[in-house]
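Numbering (our numbering), first residue to last: 1 to 115.
Keep in mind that a hint or two might mislead.
To be verified - The calculated BS3-like cross-link candidates involving lysine-lysine, where the alpha carbons are at most 25 Å apart (straight line), are: (1) LYS69 with LYS92; (2) LYS92 with LYS111; (3) LYS100 with LYS60; (4) LYS69 with LYS111; (5) LYS87 with LYS69; (6) LYS111 with LYS87; (7) LYS111 with LYS100; (8) LYS87 with LYS60; (9) LYS92 with LYS60.
Claimed, not checked - What follows is a list of derived Cβ distance ranges for each label pair: (10) GLN53 with ASP14: 33 to 39 Å; (11) LYS92 with GLY23: 16 to 22 Å; (12) LEU30 with VAL74: 38 to 44 Å; (13) LYS100 with PRO27: 15 to 21 Å; (14) GLY104 with LEU20: 17 to 23 Å.
Hints listed in this document are in silico derivations from the structure and should not be mistaken for laboratory results.
For glycine and all other residues, C-beta sits at the position ideal for the given N, C-alpha and C.
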Amino acid sequence: TSVSQRRVQRPHRDTYRSRLHKGFWCPPRLRDRDAGIIEEANDWYFAMLHDSQRNDYFWKSLGARVEGKHVLDVGAGCGLLSLMAAKLGASKVTAIEASKDMAGLARHNAKCNGF
Numbered sequence: 001t002s003v004s005q006r007r008v009q010r011p012h013r014d015t016y017r018s019r020l021h022k023g024f025w026c027p028p029r030l031r032d033r034d035a036g037i038i039e040e041a042n043d044w045y046f047a048m049l050h051d052s053q054r055n056d057y058f059w060k061s062l063g064a065r066v067e068g069k070h071v072l073d074v075g076a077g078c079g080l081l082s083l084m085a086a087k088l089g090a091s092k093v094t095a096i097e098a099s100k101d102m103a104g105l106a107r108h109n110a111k112c113n114g115f
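The whole structure should be built from the sequences, with the hints applied where relevant.
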């Protein structure tokens, strides 16, 4: 068989676009993202990021403890607590996140906030 006749079988990747109903528009930045990450962000992170009581609690709790210290944020997600620690004067912040997409989002958020 010629090269043009052979098809390369690629493993199916569960992308955000693949889960949308036909005809629904998908933002280009989300098209090839892992569908599970998008769902996690929508289901969990959106609620956490907009929970002002929770975030105020963390801000106040971190405030007296991180100044001048090296902070390790394990399971950093989008980097919210890492950014809080940095803004509150931590000498260094190390954020660890297992998800490649979430780690990329945390890096983006740090850059947007001047870190």
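These are the hints, each one checked on the structure:
{"no.": "1", "hint": "LYS69 with LYS92", "in the structure": "holds, 7 Å"}
{"no.": "2", "hint": "LYS92 with LYS111", "in the structure": "holds, 15 Å"}
{"no.": "3", "hint": "LYS100 with LYS60", "in the structure": "violated, 29 Å"}
{"no.": "4", "hint": "LYS69 with LYS111", "in the structure": "holds, 21 Å"}
{"no.": "5", "hint": "LYS87 with LYS69", "in the structure": "holds, 12 Å"}
{"no.": "6", "hint": "LYS111 with LYS87", "in the structure": "holds, 13 Å"}
{"no.": "7", "hint": "LYS111 with LYS100", "in the structure": "holds, 17 Å"}
{"no.": "8", "hint": "LYS87 with LYS60", "in the structure": "holds, 12 Å"}
{"no.": "9", "hint": "LYS92 with LYS60", "in the structure": "holds, 19 Å"}
{"no.": "10", "hint": "GLN53 with ASP14: 33 to 39 Å", "in the structure": "holds, 34 Å"}
{"no.": "11", "hint": "LYS92 with GLY23: 16 to 22 Å", "in the structure": "violated, 49 Å"}
{"no.": "12", "hint": "LEU30 with VAL74: 38 to 44 Å", "in the structure": "violated, 27 Å"}
{"no.": "13", "hint": "LYS100 with PRO27: 15 to 21 Å", "in the structure": "holds, 19 Å"}
{"no.": "14", "hint": "GLY104 with LEU20: 17 to 23 Å", "in the structure": "holds, 22 Å"}
Of the numbered hints stated above, those contradicted by the structure are hints 3, 11, 12, listed in ascending order.
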